[in-house]
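Heads up: the protein sequence lines correspond to chains W and D, in order.
If you count the first sequence from 1, you need to add 63 to reach this note's numbering.
If you count the second sequence from 1, you need to add 63 to reach this note's numbering.
Pairs of lysine-lysine, DSS-like flavour, derived with a Cα cap of 27 Å:
#	chain 1	residue 1	chain 2	residue 2
1	D	K383	W	K519
2	W	K740	D	K519
3	D	K128	D	K227
4	W	K383	D	K519
5	D	K150	D	K227
6	W	K132	W	K143
7	D	K519	D	K651
8	D	K740	W	K519
Keep in mind the hints are simulated off the structure, nothing from the lab.
There are 2 protein chains.
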Amino acid sequence: MSEADGDEGAGAGGISLGSSSDSAPKTVEGKSLSTLSAIASGPGWTKVSCSCCMSERVEPLILVKLSEKVRPETKRWLIKLIGTSQKEGGAGLLAHPGEDATGDIIVVSAPRCTLLRATEELGLCKSYNSGDMEAFSYIDRDNFKDSDNMDVFLTLAERQFIVKYELDGLRAQRDLRVPGLSDKNAFQNRDNIWQKLGSAGVIVDTVPLHHPQQLKELSKAWYSGNQLSQPLDSVNTYFGSSIAFYFSFLDFYTWSLLPPALLGLCITYYSADVQKEMVESVSGSQTEDVDEDAGPTVSGHMVQAMFSMLWSTVFMEMWKRRSSTLSYHWGTLHLAERFAEPRPGFHGDLGVNPVTGRVEPLFSEWQRDLRMALVSIPVVGLFLGLVVLGMFGFYWGEALVQQVHSDWDSVLTQTLLYTPSILHIVYTNMLATVYRTVAKFLTEFENHREESAFEKHLTAKVLVFTFFNYFAVLFHIAFFKQDVPLLRKRLASLLIVTQLINQVTEVVIPFLVDRFISAPHRAESEDDPEEDKLRRQSTLPVFPGLFAEYIELLVQFGYLSLFSCVYPLTAVLLLINNLTEIRSDAYKICKLFRKPLYPPVANMGVWQTAFEVLSFVSVVSNCWLLLLSPRLQTTCQEAGMSSTSILMSAVLVEHVLILIKVILSVLIPDEPEWIRKKREHIDYMSMEALKQQKLQPEKS
Amino acid sequence: MSEADGDEGAGAGGISLGSSSDSAPKTVEGKSLSTLSAIASGPGWTKVSCSCCMSERVEPLILVKLSEKVRPETKRWLIKLIGTSQKEGGAGLLAHPGEDATGDIIVVSAPRCTLLRATEELGLCKSYNSGDMEAFSYIDRDNFKDSDNMDVFLTLAERQFIVKYELDGLRAQRDLRVPGLSDKNAFQNRDNIWQKLGSAGVIVDTVPLHHPQQLKELSKAWYSGNQLSQPLDSVNTYFGSSIAFYFSFLDFYTWSLLPPALLGLCITYYSADVQKEMVESVSGSQTEDVDEDAGPTVSGHMVQAMFSMLWSTVFMEMWKRRSSTLSYHWGTLHLAERFAEPRPGFHGDLGVNPVTGRVEPLFSEWQRDLRMALVSIPVVGLFLGLVVLGMFGFYWGEALVQQVHSDWDSVLTQTLLYTPSILHIVYTNMLATVYRTVAKFLTEFENHREESAFEKHLTAKVLVFTFFNYFAVLFHIAFFKQDVPLLRKRLASLLIVTQLINQVTEVVIPFLVDRFISAPHRAESEDDPEEDKLRRQSTLPVFPGLFAEYIELLVQFGYLSLFSCVYPLTAVLLLINNLTEIRSDAYKICKLFRKPLYPPVANMGVWQTAFEVLSFVSVVSNCWLLLLSPRLQTTCQEAGMSSTSILMSAVLVEHVLILIKVILSVLIPDEPEWIRKKREHIDYMSMEALKQQKLQPEKS
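Isolated chain W, as found in the complex (with noise of 0.2 Å):
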């Protein structure tokens, strides 16, 4: 698909704002050439500074929306800023002012030379000659395949990624004012532009624009039809690396359900006792308990224990393989993000960078230490300490009201029942908005020098939260209170509930929203100017991030791993929802939303040592809950076993269960041979390349 990219682009889309070689413009569009004469020599867009950039279309990748105060000769210096090339302090990139000169747009793309550049500077992979994938090197640029054609060479994620990264990396290189702003809003040396624009209203908005024609080829083969596999690669082309690794994972977890489905669905049927369970907990009801001494004394429930605590390891291990794979053919093995520029929020005084000896912001490693030992570690824990003294307070209301009821029973104390619940759930919720502010600002605060550092801090700390949020009631109830039965409800509700109200909050509203509320303020036809077009993609949503999405699933990862054992049918209903939740998620990024734009990654992130810490935790719930079974209880004292020595064998079970994982976590090598060559040969090419070469010594 994406060999027909570029040609397909201009015929189907139909977004081609001009061209800057031509001379003689042919699309409708010429007429906002004559207004910018004094910007730029070229039809519409800005001048390129080398002949090799010279093509005969210009692709629009990211819209720029100022506000509509500013004065055209501010826009003017922006467009200017944006055109000039990077030596000379500006971003390398093409840009338009759209249908006239004071308009509050300007569109962007970019250069052949900046696009190659940035994807040296960026340490992504592409195919070489030799077949094989090399970390790109500008100069050897000729021995890349495709790498003359730019819709080919880089997929259209990369290509707005690295517009949106050069533009946030413009610095000014020494103190100046902009043209049209008041003298307050004056850069100083080194001053991130883009940033200061943004605090200073100029810019509203960075938005990237959808490619429509492949957007529709994309959706057609995602969500449309009845495909039981995902266009990954497509994905990964079209919103990129971050974008398709929760999907790809998203995948991998779903079929990886079906072990346990098929065990979870055989355990119900063929055991009594857990059907009768089952029975129970949606009913809700306390059935009599029929004493049963024909059942077998292994019981499904620690099958399904065992099974799930040695397959939640497994598939984090096999994922780590699949993960790696993928990392490697989206050629984001080698990424050099530690290299690179520091991420715009940073800020720090100015000094030599000692990996690389430029002149940037440093911040020292200690202060940040100091901070997040003095401020974040503090604040997050009395965040969740706020969680149990929810927990709490909603135990207590909730014995009053019941005392209350039972003590006065009217219908007002029937409807006071109710009140601790919902003081509990708005509770939580306000405090999990709260937290999110407050856990933005933290991380903002302890000023980290990476996006990735920053991404990985952020969501750490909200994951502690949340995860405290989500478990700590069900941890409570299974080892305070000690009461299975009450478990297996909650979780129960849980599981079908939340589902259908994720499911129904995250797709429905949205949808019903931009259908009756937006849409008929972008009625849109054929004949609109392109302009209009791009513009009406701003007012979409804002894309929420991937972080409820993978919240969900490991919330989701949590029950099955940590508490199945009390419910075997988990795996059924999870398996369930996460083939409605890849379609639903699939359609919502597609057209619900802007289209994000993240940088390229090479795994989950501090999502995979979630999901590995919660299979750890696992072992421990899970023999725990089997302590707890009552079956297991009568079958060992049956046996004449004390109370000691059943908690005793537990607890070699639960050692020996670590080991296990521990052990197996080892043995599955956590990258397929193949790939762990080709990244040696990686690693090695650039070692060759350090041998052969004369270096010049920064420090001077």
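Add chain D to chain W, keeping to what the hints say.
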């Protein structure tokens, strides 16, 4: 000290067999020159191929000992091979035939170019002009400090290793016959020459030579005086980083023993219980158990256990930081072993290495995995079974003779009492010896490509066995017999007796053998020919390797971390032992054995993992031992806790401690921040190099 190496070597050590550029020989060894004219036209040494390698003085580095039956033409062929440049298939070294062309030794040295190229190939880091360490690059050699003076630029150990590395790497360029050898010893293309000459009996030994002057200075600074610190950098210079890492670890470990030793002393001094137990364990008699209610509720054992569990993690984390710092200073942070030539013993079908693109023997990973799974693991398991079998046999025999003794009670049965112990010791030792041979064979069979992988797998095999062998009995006493006094007794005797025996067998016996048996044969006088002095070094016994030394430390550490809570003086005894161990090990390696030759390494390798694993196992073991302690049992029972809830709290404490240890090991970074920056700088430079330079496609 290393500054003076070059000049003093010739004068004080007096080993200058000749010089390659000086036409008028000044030393007494001049006599050997004339006989060599047929082989090389220089005075004694083979000619160097390039002018930059000309030097006033050639330092003998390695002594190759030939079989006495070797024909002169074979020796001449070998010398020529060693002297031939690498491009033409030789080793690119310098060879000297010794006193006369027919003698059984060849002295080998290395010219500058070969040394520098090998430095680059090994991936060693050296001081750059800027003052930082950088991965050495041959082309950029002039920007590295001292790169014109090999005696300063490379350490003695590195120079010797490079010579050995080049000799080991010699491969036949085509099928060839060696003059003076039978046809069955003919080489096929790509055969490893050095290995084949060894198995053909031509080469008896390859001995790295001592540098008497440096050795004298080193031993003075190391163990002759009363100094507390070791001259670790000089040890690295003289013996290489493997040995230096061992002594650094021994040093670090010994000083880290101070806190637990002090705590142990305090506990012993202040706790009446513990004093009583100490007396019991040494005297062996069981004193009356007086019930003391006045004692504190938190026993010394508990404090000791908690402390040692956390101490072991902090200690290992701090060592990792120290280790990375040492590795940076010693230039081994960026070793490129996996890209190097395969180890001599490696065999396989010829093919193109997918990583480097070189033609070399290939052996697929799955074949190796298969061999490990189907052969190595079962065999190791068998031996572990034999250890357990031996232990049970011992218990059975013990019970049997006790029975016989109580039935008959005579002098005969009295002596019989010792039979099981003696038989068990003999059995264990035999098993260990057989196992070591089997492990070596198995690892050879697994056919690892890199020397480090070979070492790792061999060490892991022997480690598992040794661990089992040493600790099985203690674990059995602690977990199955649950007999704390017996454990304490056993531990005390092991600590005192084993350490004494070790010191005697390791140092005293070799010293006596050396002094009274070997030394008279090697009476040295100043006017002996140089050659005889060199030859004499090859009569010293081979250094038995660091394996036994590391095992000794690991077993110590095991006693300390696993069981110290039953015997608080463990750390004190170990501290005393280690302070003497440092000196005796230093004396041993300097005086009693041949100079060892290990490849440069970046850390302790698999030993580090072994210590870390032990530190985690210690939590389980300590919690269990605390649970068994009678003091805790009575305290808890007085507090009205059931045995189940005591067990439960022990499990809880164990889980919390493991959690704390995991968090600690994540929170303490494995390398100090400045080392991380330096390492990233080295990585960055190699990446930069890739960018700057057009690569030649290697696949053509």
